[in-house]
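A.B. asks: Residue numbers (the UniProt record's numbering), protein chains in the order written: chain F, 1 to 757; chain S, 1 to 50.
Simulated from the structure, these hints should not be mistaken for lab results.
A virtual CB, placed ideally from N, CA and C, is assigned to each residue, including glycine.
The reader is advised that the hints may include incorrect statements.
[Unchecked claim] Here chain S is said to cover these stretches of chain F; the calculated rule only asks that three of the stretch's residues, wherever they fall, bring their Cβ under 8 Å from a Cβ of chain S:
1. 47 to 55
2. 66 to 75
3. 130 to 138
[Stated by the list, open to error] Label pairs and their calculated CB-CB ranges:
4. F4(S) x Q389(F): 33 to 39 Å
5. F4(S) x E116(F): 40 to 46 Å
6. P273(F) x N28(S): 46 to 52 Å
7. N28(S) x R272(F): 43 to 49 Å
8. Q85(F) x N28(S): 29 to 35 Å
9. Y43(S) x C551(F): 55 to 61 Å
10. F4(S) x R430(F): 53 to 59 Å
11. Y43(S) x G580(F): 50 to 56 Å
12. G29(S) x N605(F): 48 to 54 Å
13. R272(F) x G29(S): 39 to 45 Å
14. G29(S) x I725(F): 29 to 35 Å
15. G29(S) x V700(F): 44 to 50 Å
16. N660(F) x Y43(S): 31 to 37 Å
[Said to hold, decoys possible] Examples of chain S residues lying across from chain F (beta carbon under 8 Å, computed):
17. L19
18. D33
19. E39
20. L42
21. Y43
So you can see what is in the structure, the chains are spelled out below.
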Amino acid sequence: MTCCTPTTVIVSADAFRQPTPSAAEFRLASRSIGDGILQTEISVPSIHCGGCINKIERGLAKLDGVQNVRVNLSSKRLALRWLDQGTPPDAIGALKQLGYDGHLFDPTEAATPDGELPRMLRALAVAAFASMNIMSLSVSVWAGAEGSTRNILHWICASIALPALIYSGRLFYQSAWRALRYGQTNMDVPISIGIAAAFALSLYDTYHGYEHAYFDAATSLVFFLLIGRTLDYVMRERTRTAVKGLAQLSPRGAMTINADGEYDYLALKQIRPGTRLLITAGERVPVDCAVERGISDIDFSLVTGESAPRPVESGAALQAGTLNITGSLVVVATAVADDSFLAEMIRLMEAAESGKSVYRHIADRASRLYAPAVHLTSLLSFVGWMIFQGDVHQAATVAIAVLIITCPCALGLAVPMVQVMAARRLFESRIMVKDGSAMERLNEIDTVVFDKTGTLTLGQMQVTNIDEIDPRALSMAAELASHSRHPSARAIHAAAPHAAAHSGSHFDQVQEFPGLGLEGISQGKVYRLGRAAFARKDDGVQIPAETVFSCDGRKLASFVLSDRLRPGAHSLVEKLRQAGIVMEIISGDSEPAVREIADQLGIPNYTAGILPGGKLERIRMLTKQGRKVLMVGDGLNDAPALMAAHVSMAPATAADVGRNNADFVFLQDSLETVFLAYRIARDAGKLIRQNFVIAIGYNVVALPVAILGHATPFVAAIAMSLSSIVVVVNALRLKGEPMQGKTKPLGFKLPLEGVAK
Amino acid sequence: MSDFFYLIPISLALGLAGLVLFLWSLKNGQYEDLDGASERILYDDDMPSQ
Chain F
1 MTCCTPTTVI
11 VSADAFRQPT
21 PSAAEFRLAS
31 RSIGDGILQT
41 EISVPSIHCG
51 GCINKIERGL
61 AKLDGVQNVR
71 VNLSSKRLAL
81 RWLDQGTPPD
91 AIGALKQLGY
101 DGHLFDPTEA
111 ATPDGELPRM
121 LRALAVAAFA
131 SMNIMSLSVS
141 VWAGAEGSTR
151 NILHWICASI
161 ALPALIYSGR
171 LFYQSAWRAL
181 RYGQTNMDVP
191 ISIGIAAAFA
201 LSLYDTYHGY
211 EHAYFDAATS
221 LVFFLLIGRT
231 LDYVMRERTR
241 TAVKGLAQLS
251 PRGAMTINAD
261 GEYDYLALKQ
271 IRPGTRLLIT
281 AGERVPVDCA
291 VERGISDIDF
301 SLVTGESAPR
311 PVESGAALQA
321 GTLNITGSLV
331 VVATAVADDS
341 FLAEMIRLME
351 AAESGKSVYR
361 HIADRASRLY
371 APAVHLTSLL
381 SFVGWMIFQG
391 DVHQAATVAI
401 AVLIITCPCA
411 LGLAVPMVQV
421 MAARRLFESR
431 IMVKDGSAME
441 RLNEIDTVVF
451 DKTGTLTLGQ
461 MQVTNIDEID
471 PRALSMAAEL
481 ASHSRHPSAR
491 AIHAAAPHAA
501 AHSGSHFDQV
511 QEFPGLGLEG
521 ISQGKVYRLG
531 RAAFARKDDG
541 VQIPAETVFS
551 CDGRKLASFV
561 LSDRLRPGAH
571 SLVEKLRQAG
581 IVMEIISGDS
591 EPAVREIADQ
601 LGIPNYTAGI
611 LPGGKLERIR
621 MLTKQGRKVL
631 MVGDGLNDAP
641 ALMAAHVSMA
651 PATAADVGRN
661 NADFVFLQDS
671 LETVFLAYRI
681 ARDAGKLIRQ
691 NFVIAIGYNV
701 VALPVAILGH
711 ATPFVAAIAM
721 SLSSIVVVVN
731 ALRLKGEPMQ
741 GKTKPLGFKL
751 PLEGVAK
Chain S
1 MSDFFYLIPI
11 SLALGLAGLV
21 LFLWSLKNGQ
31 YEDLDGASER
41 ILYDDDMPSQ
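Chain F extracted, bound-state conformation:
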């Protein structure tokens, strides 16, 4: 690397590869675990079998300084421990040689100990132990144990139940208490009251040597409900891990140039306004800055939504997150990372979030009706028995039996089971869903707002007039184009991928002129590919937007390039239209580019040249009109709109903030997955309603039995288990993607992967 920025850069076809992180960045992503050993987490999304584990662990173990490599197949991540001897091992390079793409995982996120899941699993294990042992002891009571034997058994049950209920039931009591403190109710309020009442009554009866005790009902209730909670949590955790494992787009630091012209790689936080930075071709701009020296093309697509790259030279302002494509630039930072364009987006997002009404889960809405109904019934049966019989104990027993038997065991499982199944189906189709409420909200949408660049389109250029171009000129142009990573050059190269083999020509010397184009010399002739003004020296009409291939200044071919639609875009629009959903495009790109895409897809409503704040305003306006909007977008500029929308979706290629805050993230290129997600959410909504009907139907049958005083602990245990099983089985009916010759795993597997330490 030299201290001056060259105006022309000679690049090879290697420039296509993603830049590997430098040693300094690698070190920055590591954390010390003592004894001079550092641990680095690397996310490798393409790990898929035992062979991969074996290959990677053996391959990396050979590297200098590597102490230990451990691949985690479930989270598709590997932990590398290496001895600090100055330079870190080139693990990413070694992985590339083995055929895997790896990227560094943020150490702060990797190191965060997440105690929630183990805590839930411990509570679940304790509840399982308690409920099974109490059940086995209760069997002897049901079988006819009497007198002191029954009493001893009841006392043993009580001594197991008390610690288990306190330990495992905490989750429910805490949540119920939080809701009550804010004057609300949720599902956990009737659950907590039911558990407490059942235990208190059973203890009283045991003390007085009465026949019935409900310890088994209380503990198995906690056990069943914890299963639902844990699955729900595992589902969200799994998505979080998967989304975090995607390549981080924003850089962790930048190469700085100090006053003596020395280079130093610094973390993002250490960059101050006024710091001079070197940004080489292929790097993203880390902070807002102004170009001091150099010429290049900058891809603004993730920031403003513009599809065509813009040439820049000294004096131009660059926002954080833009991508430098062709030349090296020396820039001066104008803001610290926290004040950059990104930070402004985050402020807009926070504003959008605070303006949004809190969504109430369907289960909580159900419990708002359910809890008063149950408590009223229980009270009425107490009063009824007092009037007709006058025995306080008998009346209390019946009232509590009513509480226990109606305790929303099936209701507590009805929603999470379906949502866990739906999340699993979505996961199989490579769609990540953030939480259960996202699916409930997706089920309600009536409007979809799309961003254009990177969402409806792939953000990749494509040659559209390929038929008009002389094949020989095309293959030569393609070969020349293979030396640049400019999107237009890539598109021309992609139009004739085997060009080099067919043309027989070879360019001896290729130079890239950032902002202008490429020049190559072959058999004494000078070939140029790039802007018309650069490539053409003849007198033909010059159209500024076209890309020209020329020989010694004579035009050989001109290429018309346009952004490529994502596969499945047409069929998505068609299916959404059939489902009666209104569609709209809001883009930051220029009017003609947006109109072209809108016309191709047949979406009449579109707005072009919109600023991030404008997108947010549009979503807010639609929301005010009572519409439920699904926002699909990828850019930094979409992030506030994603936040404000009723529900949001982003492709895996989206900017980090947008992706981390979207409700759904889809990893496939095809847009059809958007409709698949909608369909699964709709099916899940249907199953949830069915499950509610089943749970309510069960109560209709069981309630009279309880009110009449026939709900013995035995009847309660059978009824509760049965209703739970029916609800779970119903949830398992949820179908995923239609089978397309792919083998699906049989049976239901607990998605326990990614359990934190």
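Since chain F is already given, all that's left is putting chain S on it; use the hints.
C.D. replies: Quick look at chain S alone, frame taken from chain F:
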């Protein structure tokens, strides 16, 4: 009838042992990579990590 007095403690102790074993294995990271564990068994040169 007197069997009762040692059979119940035995059954509870066995259950408790199972519970403790599960908690131990959870803490020990045995559930961190379930997919990987099922694949690793196919490669017999896999050495336990130090």
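A.B. asks: The structure should be examined with respect to each hint, and the outcome stated for every one.
C.D. replies: We went through each hint and held it up to the structure:
Using a Cβ-Cβ cut-off of 8 Å, 4 residues of the stretch 47 to 55 of chain F lie near chain S, which meets the minimum of three, so the contact claim holds. With 7 residues bearing a CB less than 8 Å from a CB of chain S, the stretch 66 to 75 of chain F meets the requirement of three and the coverage assertion stands. Figure legend: the stretch 130 to 138 of chain F, annotated as covered by chain S; annotation consistent (4 residues with Cβ-Cβ distances under 8 Å, at least 3 required). Between F4(S) and Q389(F) the Cβ separation comes to about 36 Å, which falls inside the hinted range of 33 to 39 Å.
In this structure, F4(S) and E116(F) meet the distance hint of 40 to 46 Å, their C-beta atoms being roughly 41 Å apart. Against the hinted window of 46 to 52 Å, the Cβ-Cβ separation of P273(F) and N28(S) comes to about 49 Å, which satisfies the hint. Between N28(S) and R272(F) the beta carbons are some 46 Å apart, a value that agrees with the proposed interval 43 to 49 Å. Taking the beta carbon of each, Q85(F) and N28(S) are about 31 Å apart, inside 29 to 35 Å as hinted.
Under the hint 55 to 61 Å, the C-beta atoms of Y43(S) and C551(F), about 57 Å apart, fit the expected range. At roughly 57 Å, the beta-carbon separation of F4(S) and R430(F) lies within the given 53 to 59 Å, and the hint holds. Checking the proposed 50 to 56 Å range against Y43(S) and G580(F) shows it holds: the Cβ atoms sit about 54 Å from each other. With their beta carbons about 53 Å apart, G29(S) and N605(F) fall inside the hinted range of 48 to 54 Å.
Take R272(F) and G29(S): their Cβ atoms lie about 42 Å apart, and the range 39 to 45 Å holds. Checked against the hint of 29 to 35 Å, the pair G29(S) and I725(F) passes, with Cβ atoms roughly 32 Å apart. At about 47 Å, the beta-carbon gap between G29(S) and V700(F) stays in the expected band of 44 to 50 Å. At about 36 Å, the CB distance of N660(F) to Y43(S) agrees with the hint of 31 to 37 Å.
At its closest, the beta carbon of L19(S) sits 4 Å from a beta carbon of chain F; the interface hint therefore holds under the 8 Å criterion. For D33(S), the shortest C-beta to C-beta distance to chain F is roughly 4 Å, which falls under 8 Å, so the interface hint holds. For the restraint placing E39(S) at the interface with chain F, the shortest Cβ-Cβ distance is roughly 3 Å, inside the 8 Å limit, so the hint holds. Residue-level restraint check for L42(S) holds (minimum Cβ-Cβ distance to chain F is 5 Å; threshold 8 Å).
With a least beta-carbon distance of about 5 Å to chain F, the hint placing Y43(S) at the interface is held under the 8 Å criterion.
In summary, the structure agrees with every hint in the numbered list given earlier.
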